[in-house]
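A.B. asks: Sequence:
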Amino acid sequence: MPVFIEINSNCVEPVNELGFKEDRENELENLIINNPKIFPVEKISGNLQWIPISKQTTLLDGRLRTDTIGVDDEGIIYVIENKLDSNDDKKRVSQQVRDYAHVLRTMKWDDFLMKINQGNKSKKIREQKFSFSGKSLEEVLENTKDLKNDLWSKEKSKECFDNIQTNFEMGKFMLVISINKISKPLRISIDGENEVTDENVMSMFALEVNDFLTKKGEKIIVTNTYPYDLTELRERKQHQRTKQNEKNFKKQLSKMDFTDTEKKFISDYYEELKQLAEHNFEFGTSKIAKILPRFLINDVLKSPISLDAAGKLNLQFESLHKEDEAEILDEFIEELKQIEFIKNKITESSNVKRTTIRIQLKDWRSFASEIISILEKVFMKN
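Quick note, the sequence shown lines up with residues 67 to 448 if you use this note's numbering.
Rather than coming from a laboratory, the hints here were simulated on the basis of the structure. A few of these clues could be false.
Straight-line C-alpha distance at most 20 Å; calculated EDC-like pairs for lysine to aspartate or glutamate [claimed, not checked]:
#: 1; residue 1: K222; residue 2: D429
#: 2; residue 1: K189; residue 2: E93
#: 3; residue 1: K428; residue 2: E274
#: 4; residue 1: K447; residue 2: E397
#: 5; residue 1: K187; residue 2: D177
#: 6; residue 1: K316; residue 2: E274
#: 7; residue 1: K220; residue 2: D429
#: 8; residue 1: K447; residue 2: E414
#: 9; residue 1: K103; residue 2: E140
#: 10; residue 1: K214; residue 2: D228
#: 11; residue 1: K340; residue 2: E436
#: 12; residue 1: K187; residue 2: E205
#: 13; residue 1: K181; residue 2: E235
#: 14; residue 1: K238; residue 2: D165
#: 15; residue 1: K403; residue 2: E436
#: 16; residue 1: K247; residue 2: E274
#: 17; residue 1: K187; residue 2: D165
#: 18; residue 1: K316; residue 2: E235
#: 19; residue 1: K195; residue 2: E274
#: 20; residue 1: K330; residue 2: E312
#: 21; residue 1: K443; residue 2: E397
#: 22; residue 1: K103; residue 2: E284
#: 23; residue 1: K285; residue 2: E91
#: 24; residue 1: K211; residue 2: E414
#: 25; residue 1: K321; residue 2: D295
Start from the sequences, fold in the hints, and give me the full structure.
C.D. replies: Next comes the structure, spelled out in structure tokens:
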């Protein structure tokens with residue numbers, strides 16, 4: 067595709083394509099890692115930032131090695147295979163990136179974290195000084211800056227980490243083929259993958275990247291995608307987000323990486339919340355089903371807490387945002403401060419009344435009964 071630069075209102079000048087030669091496949095990968103704004107995250111997911119977290123992560127005892135793994139600011143995981151059109155292996159590139167996802171689905175979360183940590187702290191990756199070099203996943207997120215160049219808050223980093231874990235344990239990945247030329251066979255392959263795959267679990271797209279050089283020595287990067295309209299892909303995914311229900315909650319819970327004892331504990335707690343709210347609850351529309359027990363507060367039903375199928379207990383302080391709810395919100399927070407773990411979380415937050423504190427099962431299990439007592443005391447007075 068020819069690219070031109072405007073010299074003046076009456077003159078345009080073609081720029082020379084540098085082209086990724088056969089030995090520059092690694093350069094294509096590094097270009098995206100070092101310039102994350104190239105990645106069309108806003109078009110594909112509607113989120114704001116894409117963050118590379120690893121390169122050349124080894125799987126299957128070294129028998130398989132991913133190219134790039136990245137995440138966005140909401141915890142969606144992107145598995146990227148970089149390939150040049152001149153590479154004969156391009157014919158099976160869609161199969162390669164799909165294989166990565168399937169292997170990742172067989173891994174435990176802790177093993178995934180270990181692989182990321184080992185790869186990022188290897189001598190080869192350290193020497194290349196990527197943003198993730200020498201860092202664990204937690205450290206990558208803690209050192210991420212937003213679009214205004216401000217460090218993420220601890221709360222934001224933790225929320226993103228938890229979302230990554232949830233998506234990983236649900237086996238949800240976005241598959242990306244980064245290439246310098248999107249061919250017709252590749253388009254057909256991607257269409258075929260997206261036709262047969264549940265888009266709520268896994269979607270595939272191609273990112274075409276080319277570089278050009280002006281006469282002044284300025285480099286221009288031009289990108290394209292397939293599907294061409296990634297917003298359409300996003301809208302299809304959103305359209306399929308229907309209301310969740312009890313059946314979905316239990317089905318998702320059954321697939322989580324918990325012991326039978328842990329699953330029973332979550333299921334029993336789920337029933338306790340239903341009983342406490344006098345069977346007044348809903349499940350929301352998020353990808354992971356969650357029960358939202360609803361309590362009558364000033365004649366309006368509100369859900370200050372939720373439990374999702376991934377075992378996270380969510381203290382939804384921001385749901386009580388109205389002026390006439392301030393008193394009951396303060397009471398709720400003060401009662402929760404009696405629990406040391408939650409007190410520390412509240413202290414860490416810069417604006418706890420406008421946020422949600424998400425707590426993993428391993429952390430809230432020990433004070434589960436206290437939470438029920440607090441809900442009963444604060445929200446079931448009448």
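A.B. asks: Determine for every hint whether it applies to the structure shown.
C.D. replies: Taking the hints in turn, this is what the structure says about them:
Taking the CA atoms of K222 and D429, the gap is about 18 Å. The hint holds against a cut of 20 Å. A hinted pair counts as satisfied when its Cα atoms are at most 20 Å apart, and K189 with E93 qualifies at roughly 19 Å. Between K428 and E274 the alpha-carbon distance is near 42 Å, which puts this suggested pair outside the 20 Å criterion. For the given pair, K447 sits about 12 Å from E397 by alpha-carbon distance, which is consistent with the 20 Å threshold.
Between K187 and D177 the alpha-carbon distance is near 15 Å, which keeps this suggested pair within the 20 Å criterion. Restraint check: the Cα-Cα separation between K316 and E274 comes to about 40 Å, which exceeds 20 Å; the hinted pair is violated. Only pairs whose Cα atoms come within 20 Å are accepted, and K220 paired with D429 is accepted, the gap being roughly 17 Å. Distance hint between K447 and E414 is unfulfilled; the C-alpha atoms sit about 30 Å from each other, more than 20 Å.
A distance of roughly 16 Å separates the Cα atoms of K103 and E140; the hinted pair therefore holds under the 20 Å criterion. Between K214 and D228 the alpha-carbon distance is near 23 Å, which puts this suggested pair outside the 20 Å criterion. For the suggested pair K340 and E436, the alpha carbons sit about 16 Å apart, so the restraint of at most 20 Å is met. This hinted pair checks out: K187 and E205 have alpha carbons roughly 12 Å apart, not beyond 20 Å.
With a C-alpha separation of about 16 Å, the suggested pair K181 and E235 falls inside the 20 Å cut-off, and the hint holds. A C-alpha spacing of about 14 Å is found between K238 and D165, which places the hinted pair at or below 20 Å, so the restraint holds. In summary, the hint linking K403 to E436 is supported, as the alpha carbons are separated by about 11 Å, within the 20 Å threshold. Simply put, K247 and E274 have alpha-carbon atoms about 6 Å apart, close enough for the 20 Å limit, and the pair holds.
For the hint linking K187 to D165, the alpha-carbon distance of about 25 Å lies beyond 20 Å, and the restraint is violated. Taking the CA atoms of K316 and E235, the gap is near 15 Å; set against the 20 Å cutoff, the hint holds. Simply put, K195 and E274 have alpha-carbon atoms about 25 Å apart, too far for the 20 Å limit, and the pair is violated. Pair hint K330 plus E312 holds up; C-alpha atoms about 15 Å apart against a cutoff of 20 Å.
For the suggested pair K443 and E397, the alpha carbons sit about 10 Å apart, so the restraint of at most 20 Å is met. Straight-line distance between C-alpha atoms of K103 and E284 comes to about 18 Å, which keeps the hinted pair within the 20 Å bound. For the suggested pair K285 and E91, the alpha carbons sit about 18 Å apart, so the restraint of at most 20 Å is met. Between K211 and E414 the alpha-carbon distance is near 19 Å, which keeps this suggested pair within the 20 Å criterion.
Taking the CA atoms of K321 and D295, the gap is near 33 Å; set against the 20 Å cutoff, the hint is violated.
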